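Let chain A serve as the given structure and place chain B on it in line with the hints.
Protein chains: 2
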Amino acid sequence: MVGDTLGTKLISLGYKVRMGSRSASNEKALEWAQKNGDLASNGTFADAAAFGEIIFNCTSGQVSLEALQLAERENLQGKILVDVANPLDFSKGMPPSLTVCNTDSLGEVIQRQFTDVKVVKTFNTMNCQLMTNPGALKDPGNVFICGNDAGAKTEVESLIRSFGWEKIIDLGDISAARGMEQILPVWVRLMSQLGTPMFNFSIVQ
Amino acid sequence: MVGDTLGTKLISLGYKVRMGSRSASNEKALEWAQKNGDLASNGTFADAAAFGEIIFNCTSGQVSLEALQLAERENLQGKILVDVANPLDFSKGMPPSLTVCNTDSLGEVIQRQFTDVKVVKTFNTMNCQLMTNPGALKDPGNVFICGNDAGAKTEVESLIRSFGWEKIIDLGDISAARGMEQILPVWVRLMSQLGTPMFNFSIVQ
Numbered sequence: 001m002v003g004d005t006l007g008t009k010l011i012s013l014g015y016k017v018r019m020g021s022r023s024a025s026n027e028k029a030l031e032w033a034q035k036n037g038d039l040a041s042n043g044t045f046a047d048a049a050a051f052g053e054i055i056f057n058c059t060s061g062q063v064s065l066e067a068l069q070l071a072e073r074e075n076l077q078g079k080i081l082v083d084v085a086n087p088l089d090f091s092k093g094m095p096p097s098l099t100v101c102n103t104d105s106l107g108e109v110i111q112r113q114f115t116d117v118k119v120v121k122t123f124n125t126m127n128c129q130l131m132t133n134p135g136a137l138k139d140p141g142n143v144f145i146c147g148n149d150a151g152a153k154t155e156v157e158s159l160i161r162s163f164g165w166e167k168i169i170d171l172g173d174i175s176a177a178r179g180m181e182q183i184l185p186v187w188v189r190l191m192s193q194l195g196t197p198m199f200n201f202s203i204v205q
Numbered sequence: 001m002v003g004d005t006l007g008t009k010l011i012s013l014g015y016k017v018r019m020g021s022r023s024a025s026n027e028k029a030l031e032w033a034q035k036n037g038d039l040a041s042n043g044t045f046a047d048a049a050a051f052g053e054i055i056f057n058c059t060s061g062q063v064s065l066e067a068l069q070l071a072e073r074e075n076l077q078g079k080i081l082v083d084v085a086n087p088l089d090f091s092k093g094m095p096p097s098l099t100v101c102n103t104d105s106l107g108e109v110i111q112r113q114f115t116d117v118k119v120v121k122t123f124n125t126m127n128c129q130l131m132t133n134p135g136a137l138k139d140p141g142n143v144f145i146c147g148n149d150a151g152a153k154t155e156v157e158s159l160i161r162s163f164g165w166e167k168i169i170d171l172g173d174i175s176a177a178r179g180m181e182q183i184l185p186v187w188v189r190l191m192s193q194l195g196t197p198m199f200n201f202s203i204v205q
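If you're matching them up, the sequences are chains A and B in order.
Heads up: the first sequence runs through residues 1 to 205, numbered per our numbering.
Heads up: the second sequence runs through residues 1 to 205, numbered per our numbering.
Here chain A stands alone, though its shape is the one from the complex:
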């Protein structure tokens, strides 16, 4: 769902997008590509990684590493990887726990395993409908971003602004992914108490 929504948004902005899946014949990816015209295509994770200049990790956090391994290291090398995933474990029901937290994070794990990739963590603290449509909220709140490569963050920030976002907070290096991912438990609780996923965190000063 996150990949579908982000991919569709990127196409609306004129980018070519290739949706990766385990299989090039993934039905949902085929359907998405057919629906989104000439700029859209689909393929394996490796096809998508080889095609893209910027890669979005929109997989479930528990399988992100596997998906990135299937994408193949040489296809990712030197590229920006926008990591919007959360390491949520729903296997024991609600509320979900995190598969990695406290002194580590999914963002850091990915950066350690793919040292040649410029991992930029962002957008993981909100619903994908809001990611691509900040105007849905009167005050859309903040987007957090972190990563080790300043140039990569600047490029991703520019992409985020083109989605309509204005208030972006750079939290520093990729270790800030710990805090960004650990927001999820309160996000899940807020969704349940507010009865909607259409809300966001706004930092007030």
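If you are wondering where the hints come from, they were derived from the structure by calculation, not from laboratory data.
Computed from a prediction, not measured in an experiment: that's the story for all the values here.
All the pointers check out, no bait thrown in.
Below are the SDA-like pairs computed for lysine to any residue, each with C-alpha atoms no more than 25 angstroms apart in a straight line:
#1 K138(B) / A136(A)
#2 K167(A) / K167(B)
#3 K9(B) / V204(A)
#4 K9(B) / S162(B)
#5 K167(B) / T196(A)
#6 K9(B) / Q205(A)
#7 K79(A) / A67(A)
#8 K167(A) / N127(B)
#9 K138(B) / E166(A)
#10 K79(B) / S41(B)
#11 K167(B) / D139(B)
#12 K92(A) / S175(B)
#13 K138(B) / V204(A)
#14 K92(B) / D104(A)
#15 K138(A) / D170(B)
#16 K167(A) / L194(B)
#17 K167(A) / P140(B)
#18 K92(B) / V63(B)
#19 K28(A) / S12(A)
#20 K167(B) / G135(A)
#21 K92(B) / N102(A)
#22 K138(B) / P140(A)
#23 K9(B) / F199(B)
#24 K167(B) / L194(A)
#25 K138(B) / P134(A)
#26 K167(A) / I168(B)
#27 K138(B) / D139(A)
#28 K92(A) / V100(B)
#29 K167(A) / V188(B)
If you want the ones that stay clear, here's a sample from chain B, every Cβ over 10 angstroms from chain A, calculated:
#30 D4
#31 K9
#32 G37
#33 F51
#34 Q113
#35 C128
#36 D149
#37 G151
Cβ atoms here follow ideal geometry from the backbone N, Cα and C, with glycine treated the same way.
Okay, now just chain B, sitting in the frame of chain A:
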């Protein structure tokens, strides 16, 4: 510092406050009591717990259980315990880690160990200067609250409102303390990036 600030605020609202410490001759507590007039007094943790109708846990999260054991079970029995502590571990330097997180929380640990106490977690997601002075920010943002006892939460909410807070979000039972405490890593990072502890989370919809 948190106890000093909250105690001083409560006295300004006309409450009698007894500050508890390991020792009744704790110099900072004595100084605080002398400075704050007739409504202020100090004593051991047990003295303070026996004195109070509502108990505030303003200790460092790592020693909260020890302080509550020194406060003695019979002095706490049936009372509201407002837990504003965070289980932050600074022993390995910055950034701090959490001594308990993910599938448990300090709020829950306290509630399990003191089953006769009505634990209400709140205020842990902000600086104490903001807790007692929401007017310091143009938009003060939200206070989160959780706990198992609805009546206790209503009473604490009323106290929070008397501090000037308007936007209080009840996150449900005490297990929501997981999310509330796991906000701290991003809070610490925000403090560092914004250069001030005077900020807050506002939930925008």
